[in-house]
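What follows is each chain in one-letter form.
Number of protein chains: 2
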Amino acid sequence: MKKVNVVFYCPSCGFRSRGSEYYWRCPKCGSPLEVEYASEWKPSGVGLKRYASSLPLTPPKSLGEGSTPLIELDYRGVTVKFKLEYLNPTGSFKDRGSSLAIGLAYLLGYRRVVEDTSGNTGISVTAYASLYNMESIIVMPQYAPKGKKALVKALGGKIIETPTRGDAAVKVLELARDNANYYVAHTYSPLYVEATKTIAYEAWEQGFNGDIVIAPVGSGGLFLGLHKGFKDLLKWGLRNRRHVMIAVEGSSTIRLYPRLYGGKPNITGESKLADGIMVPKPPRLNEIVEALKETRGKVVVVSDKEIVEALKELYMYGLIVEPTSATVLAALKKLIESGNIARGNEVLAPLTGSGLKMIDLIEKIL
Amino acid sequence: MKKVNVVFYCPSCGFRSRGSEYYWRCPKCGSPLEVEYASEWKPSGVGLKRYASSLPLTPPKSLGEGSTPLIELDYRGVTVKFKLEYLNPTGSFKDRGSSLAIGLAYLLGYRRVVEDTSGNTGISVTAYASLYNMESIIVMPQYAPKGKKALVKALGGKIIETPTRGDAAVKVLELARDNANYYVAHTYSPLYVEATKTIAYEAWEQGFNGDIVIAPVGSGGLFLGLHKGFKDLLKWGLRNRRHVMIAVEGSSTIRLYPRLYGGKPNITGESKLADGIMVPKPPRLNEIVEALKETRGKVVVVSDKEIVEALKELYMYGLIVEPTSATVLAALKKLIESGNIARGNEVLAPLTGSGLKMIDLIEKIL
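Taken in order, these protein sequences are the chains called Z and G. Numbering-wise (the numbering used here), the first sequence opens with residue 30 and increments by one. Numbering-wise (the numbering used here), the second sequence opens with residue 30 and increments by one.
Treat the hints with care, since some could be wrong.
[As the list claims (entries may be wrong)] Residues from chain Z that face chain G, not an exhaustive set, calculated with beta carbons under 10 angstroms:
(1) Leu113
(2) Ala183
(3) Gly291
No wet-lab data here; the hints were simulated from the structure. Everything numeric in this text was worked out from a predicted model, so none of it was measured. From the three backbone atoms N, C-alpha and C, an ideal C-beta is built for every residue, glycine too.
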């Protein structure tokens with residue numbers, strides 16, 4: 030067992046872990062856990078480890094996660110700063126979280142990680158597990174994209190196929206009961222939230238000093254991480270502006286809109302293209318709603334038609350992203366049209382995943 | 030016409046261009062041109078523009094090229110530093126050169142760029158052309174990979190298909206004769222060499238201080254750029270070691286081996302997987318041979334069997350690269366086995382292109 034001391038605690042029931050234990054959720058009440066650590070602003074070096082002083086652990090290895098480019102675009106008079114998270118090592122922002130989560134698994138002496146996902150997280154988890162020479166088992170529905178399955182296998186992961194996504198969630202719990210398996214559980218994991226706060230730190234260091242932050246919400250790890258990061262910058266006196274969080278959800282998976290506004294959004298059509306944000310019951314939903322209220326934020330709901338339009342525009346700027354990433358531009362357009370974002374505003378919009386993984390789909394829809 | 034003053038000159042016949050003219054090769058003798066400019070070490074900021082003081086021009090826009098991660102691996106006692114060039118905006122190191130080349134086209138007032146390629150350069154050129162709202166025409170053989178064609182189209186490029194690669198080269202010359210078209214000609218272009226020298230600068234700033242640099246050689250832009258970059262660092266007194274250039278070529282396209290050693294290499298089997306380095310007649314071949322002699326370098330020839338083995342190993346480290354990128358590890362293995370690289374040596378190996386573009390192929394061969 031390597032030396033590591035990461036304490037998890039439960040804000041709901043008060044549970045606290047011993048430093049060498051791992052729980053993917055609260056063993057007493059089932060709530061998502063938080064992680065306890067001292068945090069200060071002492072940036073040094075590049076990549077995720079630049080912010081080691083404000084992260085719960087320093088992973089011993091790296092695939093080059095973090096330090097992604099921030100590029101600026103004038104969009105109808107609005108300054109949009111796109112954070113190119115799709116240029117992370119496995120093509121998505123998940124690599125920041127996987128770096129911490131799998132790093133912890135390694136430090137705690139685990140030899141095998143398990144996860145249920147049909148998307149970018151599976152690829153990311155497998156890559157980091159292989160980096161540490163650990164086994165990985167990814168449980169996914171048999172109808173998951175062929176390309177993503179191929180990539181998990183090429184990276185050395187084992188795939189267990191289940192009939193549905195729901196069955197995958199059941200199967201992985203069975204695996205999680207084996208103490209030899211480290212269940213990543215990225216929708217619960219506080220490490221994925223802690224890791225994505227570094228996107229806010231980086232964006233600020235790269236010159237973003239606006240108010241508005243637009244993020245797609247699947248499990249909410251990205252959204253909550255950005256929120257946390259900007260709160261830190263304010264707390265540390267580095268930034269003196271309050272930020273406003275804009276959550277984007279797809280018309281097929283509406284969870285936030287009714288919580289914030291009551292009732293249903295006025296939108297027709299599905300949002301099947303935004304597969305990255307189709308998480309029906311995110312464990313951290315209450316936290317997301319709180320962040321929206323705390324920052325006087327908004328929820329924008331987008332559909333496939335709007336996603337395709339935005340995706341086309343992004344490719345015409347040379348940005349090779351997946352459809353889920355285009356939701357932020359689709360939302361921005363709606364906010365400009367409704368007068369909620371005006372000329373002169375500065376907006377931060379992370380682009381979450383690479384389009385290179387799904388050229389077949391891109392070819393069909395563009 | 031924007032203000033720009035980039036002077037091209039021909040080391041063979043002495044031709045010099047006026048600063049607002051563009052030639053893809055010497056209009057007098059047909060040789061590859063060089064570009065004239067003052068160069069000094071004044072790094073500032075991130076990305077390619079960090080090295081603006083030693084580049085012939087500063088492109089007005091960016092897709093986030095440069096500042097790629099350097100990750101370290103202990104490989105049989107040898108310290109390998111992989112430069113993750115596949116994490117550039119369109120998934121290959123070509124983005125550095127395209128940034129300069131298309132930036133120049135824009136500054137010179139061109140509205141359309143043309144290029145012949147069946148590979149990463151086409152995607153890269155199209156992305157940068159679209160960034161500047163310029164047209165792009167990519168001429169490629171009809172048997173070019175479907176995914177790469179789809180990507181060029183999605184990025185807004187027009188494709189002209191020809192029966193063979195040779196026909197593409199003829200067709201593009203026809204287009205190049207139209208003065209409204211900017212012919213990128215990356216195998217000739219000095220801008221692609223100038224841009225890739227920044228990989229050496231970055232690697233050194235990121236902590237590489239070994240002697241050995243291994244690079245795959247297609248047209249030689251990457252190889253010559255690295256060589257130039259390390260010469261600069263020595264000239265400026267930043268590094269005090271001489272470097273050794275190792276060129277990797279595929280068994281199906283041998284050009285350097287006979288020039289350096291006479292005769293043929295002792296290798297069986299093809300190297301069709303390394304499509305990125307199948308350039309039968311690189312215009313800068315003499316320069317490459319000179320760089321090898323000057324640095325007392327070596328040529329290593331690899332075949333598909335060795336490429337597949339190396340590719341498997343790279344994926345098992347979590348590195349999602351294309352087969353051409355694996356040639357550097359295949360070469361490294363041979364050099365270790367032959368005793369040419371020993372334990373304790375420090376090696377720089379750029380990984381050139383993303384495997385995400387060709388998941389179908391990866392699935393088949395791994």
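Now the hints, each set against the structure:
Here the hint on Leu113(Z) is kept, as its CB sits about 5 angstroms from the closest CB of chain G, short of 10 angstroms. Restraint check, Ala183(Z) versus chain G: the minimum CB separation of about 5 angstroms is within 10 angstroms; hint holds. A cut of 10 angstroms between beta carbons decides the hint on Gly291(Z): the least distance to chain G is about 40 angstroms, and the hint is violated.
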